[in-house]
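J.: Starting from the known structure of chain A, fit chain B onto it as the hints suggest.
Top line first, the protein sequences correspond to chains A and B. For the first sequence, counting from 1, position 107 maps to 107 in my numbering; every step adds exactly one. For the second sequence, counting from 1, position 355 maps to 355 in my numbering; every step adds exactly one.
Hints in this document: simulated from the structure, not taken from any laboratory. Just so it is clear, CB atoms sit at the ideal spot from N, CA and C, and this is done for glycine as well. Please note that a few of the clues may not be correct.
What the hints assert, rightly or not - Example chain A residues on the side facing chain B (calculated, C-beta under 8 Å, incomplete): (1) 44; (2) 45; (3) 51.
Claimed, not checked - In silico DSBU-like pairs for lysine-lysine, Cα to Cα no more than 35 Å straight-line: (4) B:57 / A:40; (5) A:17 / B:57; (6) B:58 / A:40; (7) A:40 / B:329; (8) A:72 / A:95; (9) A:90 / B:58; (10) B:283 / B:308; (11) B:57 / A:85; (12) A:40 / B:212; (13) B:329 / B:283; (14) A:60 / A:12; (15) A:60 / A:17; (16) A:72 / A:85; (17) A:12 / A:90; (18) B:57 / A:90; (19) A:60 / B:58; (20) A:60 / B:283; (21) A:95 / A:12; (22) A:40 / B:283; (23) A:3 / A:85; (24) B:212 / B:329.
Chain by chain, the residues run as shown.
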Amino acid sequence: MQKIEAVIQPSKLDAVKDALVEVGIEGMTILEARGHGRQKGHTEFYRGREYTVDLLPKIKLETVVPDELVEKAIQAILSAARSGKIGDGKIFVSKIDEAVRIRNDERGPSAL
Amino acid sequence: MSAMAQTPSSDQVAKLQAQIAAAQSGADNSWMLISSALVLMMTGPGLALFYGGLVRKKNVLGTMMQSFAMMAIVTVLWAFLTYSLTFDSGTSFIGGLHHIFLKGVGLNPDPDYSATIPLQTYMIYQLMFAIITPALITGAFAERMKFSAMALFLTLWSIFVYSPMAHMVWGKGGLLNASLGGRFPTLDFAGGTVVHVTSGVSALVCALYLGKRLGYPREATPPHSVVLSFIGACLLWVGWFGFNAGSALNSGTLATSAFVNTHFGAAAAALGWMAAEWIRNGKPSALGGISGAVAGLVAITPAAGFVKPMSALVIGLAAGIFCYFMVFKVKNRFGYDDSLDAFGVHGAGGTLGAILTGFFASSAINPIFKDANGNTLPSGAVDGNWHQVLNQLVGVAIAWVISIIGTLVLLRFVDLVVGLRVPREHEVEGLDLTQHGEEGYDFAS
Chain A
1 MQKIEAVIQP
11 SKLDAVKDAL
21 VEVGIEGMTI
31 LEARGHGRQK
41 GHTEFYRGRE
51 YTVDLLPKIK
61 LETVVPDELV
71 EKAIQAILSA
81 ARSGKIGDGK
91 IFVSKIDEAV
101 RIRNDERGPS
111 AL
Chain B
1 MSAMAQTPSS
11 DQVAKLQAQI
21 AAAQSGADNS
31 WMLISSALVL
41 MMTGPGLALF
51 YGGLVRKKNV
61 LGTMMQSFAM
71 MAIVTVLWAF
81 LTYSLTFDSG
91 TSFIGGLHHI
101 FLKGVGLNPD
111 PDYSATIPLQ
121 TYMIYQLMFA
131 IITPALITGA
141 FAERMKFSAM
151 ALFLTLWSIF
161 VYSPMAHMVW
171 GKGGLLNASL
181 GGRFPTLDFA
191 GGTVVHVTSG
201 VSALVCALYL
211 GKRLGYPREA
221 TPPHSVVLSF
231 IGACLLWVGW
241 FGFNAGSALN
251 SGTLATSAFV
261 NTHFGAAAAA
271 LGWMAAEWIR
281 NGKPSALGGI
291 SGAVAGLVAI
301 TPAAGFVKPM
311 SALVIGLAAG
321 IFCYFMVFKV
331 KNRFGYDDSL
341 DAFGVHGAGG
351 TLGAILTGFF
361 ASSAINPIFK
371 DANGNTLPSG
381 AVDGNWHQVL
391 NQLVGVAIAW
401 VISIIGTLVL
411 LRFVDLVVGL
421 RVPREHEVEG
431 LDLTQHGEEG
441 YDFAS
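Isolated chain B (complex conformation):
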């Protein structure tokens, strides 16, 4: 008998296709669940340690608690309301209420968002972004805000600033959505505008509205432990692979691009900041190195899934030097007390990264724009599409405006309802004792 291949029946083909789909879904889902956990690790312990080390030791627990509180508060809020406000189709500016209490958010994929992973995986992954974004703002008002005011303000901020902005960029029908037909398609791979510009600009508004810490800048407020900050920053770096490479929403080649770019951006920015410090101050500092790395991670975030590795090095280097300049020169020149440099790193780095994404986005990495016939169109200025730089500016401008107005209104409201700042004597005594009745370091026991 000859060994002739039999033509498979249509039943067999269908079965095979189902098995392939299941295998792909399994691979994608496992990467997305790991990424979700990595992004949560960025807030706790990553950001909590990073910020906690930068404050004086009487405020270490109070500062860490502000990040940790977001892990709890935003999660419950997300389940009840803000997931729906962000990802339900709704209007161009904000989502609707069809998914409140996670109604309809099940284990089947929503192909508009991610065709191969359960919608609940998408929901929990996006939640981790919603957690870290308000937590980033806490750096601006460190060492002087009441815990109650912080909790109320950031709850309202999640509803009225984060949800609309995230909906506009990532939600179905959002004004800026590049892949789902937005009016001004803004390229924001993993949250340069949604996460970093909104949190950074809101942070600046907070620093200006609350005013300086007592004694600033006359009294010394040096970091009580750069060691804690160092560990936190390195955890942020690792967690950022989930943040950026996870934003591919699958485990394919785009995730690899984003992973490589993320790492390259961080490394180049660390070198940029340290070099600037070495030249101008005579010494490269540990705090400068880790601050530079975070600035690079911020700037590469919108670009991670759109640019080539060499472009990532350029974006990182630019961010390291630019954020150094914002923190060392601009802050001191204008005298605002952005205590832990949430604006200088996230606002400035996010804005720079969002604009540079318009320059360096390449259709060879991610063919996101197509014409009616499905042919790939140029992405950024390197492809010849200079118009994209304008779209990026529109996205950045909207993020700035919504953050400034939203934050001002909400701060005013919270100020009237509960008051924003702790009393003078509590500020002197420290947030740990006055807000939480604890001490971070008890050497007597």
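Chain A with its partners taken away, still in its complex shape:
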């Protein structure tokens, strides 16, 4: 099992979600987040005062998948979330030791 964490543009959420469902991923968690990588921010003006907004709204998507689905999931996210412009986001992948379904104590990949 591996955890895939993807930070993406909020406008790409629906496309990414559909792409993941398409390759057979059933569960995911979505967080509304703020952050920036190399993109930095933008400036806003309110009555003559300039504000730099460097933490921009992002969506962080988390899903834990069986090993055989990891590459498919990454490809799905890449194709759905990419615009080619700076600020498209990042994907992080890490190992997961255990998964437990709370309802019936099921363990391992079948609990996903």
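T.: Only chain B this time, still in chain A's reference frame:
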């Protein structure tokens, strides 16, 4: 038999006249009661939303409560004392005490003020002006003043600044009263000097006396919701029809003039501010548009019942550009923290509007000045009466002086008695929690 018209008896004529008077009174009274409600709507929710959206979210309720508190405090004060201090005949500078506890304020008209509506309608209509005026000041000391100090200061301000100024301009025998024989007849249709210059100038004094918010201007203090401000500003625009067109005190043609001018002034000023922003910053902002509209409404207030519609467009446009300049350039140049621009919009726009009223007042719209034989005299400079510009300057100067001195003395007093500012840690935590024990937005529940 021939169908010859019978000459009506004097009884019938008298009866007919009474019916006509009752019909006119009914029409006037209904418009004035609607106007009263519209002007109250300007404070709550109009101004409360406008100001509430401009502060950070930890201060939204504290800011709204300052406007709302005026709706309660000034009302009780008005019933007990300040109506009398404002509208009893008294001296040239302040009214007397004959009407305290609303003694003698009944359902019959007082012809000196308004011949066709109950005096109580006049009283409640004027109360709504007395409510919004101190509420406007709260924009200057937003996000840092104690609720107790704010309540005490604005109560005293209503007594010692608002009542004298309103008496001088609108009260019987007032020094500046244009229609009841004042020494320097100042044209102020709906409160350019009484409401906007007094509140705006007092706001500047408050901003200077209290000092800047913690971290200003280094730390960002952007509006937490321009959406709230947007709704508030649009409610102000609508409410302003009651403020200005209602100041005709009847439902006749003068109300129409004031209504049209009010709308034209707001529209031209919104365009003026947005155009200035577009040229200088590259983008017209929503906050700029609504700020411009309010500036135009402020500037047209003294002129609303005296000028022609094309003059209203000129006054509005001038106000939009001038207030933009005051807020963008002058405030940053001098570095005072007039947090929500109460001075930049109301003080500056009110002063400009009061002076321009002297230029554009036309006797064709409102023949306010008459000679001993009842012939109409010229109103403003457009009629050839350049002297009126001087009278307007006298009115403005008195409003500035009484506001500066009154506000300084009262702030000093309140500072000694209860202290003006919240402690540093309360300012960081926000007024909502520290002053009221609440939060405007609780996303956990």
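J.: Take the hints in turn and mark each one as holding or not.
T.: Cross-check of the supplied hints:
no.	hint	in the structure
1	44	holds (7 Å)
2	45	holds (6 Å)
3	51	holds (5 Å)
4	B:57 / A:40	holds (24 Å)
5	A:17 / B:57	holds (32 Å)
6	B:58 / A:40	holds (26 Å)
7	A:40 / B:329	holds (28 Å)
8	A:72 / A:95	holds (16 Å)
9	A:90 / B:58	holds (33 Å)
10	B:283 / B:308	holds (32 Å)
11	B:57 / A:85	holds (33 Å)
12	A:40 / B:212	holds (30 Å)
13	B:329 / B:283	holds (17 Å)
14	A:60 / A:12	holds (11 Å)
15	A:60 / A:17	holds (12 Å)
16	A:72 / A:85	holds (23 Å)
17	A:12 / A:90	holds (13 Å)
18	B:57 / A:90	holds (31 Å)
19	A:60 / B:58	holds (26 Å)
20	A:60 / B:283	holds (31 Å)
21	A:95 / A:12	holds (26 Å)
22	A:40 / B:283	holds (21 Å)
23	A:3 / A:85	holds (26 Å)
24	B:212 / B:329	holds (17 Å)
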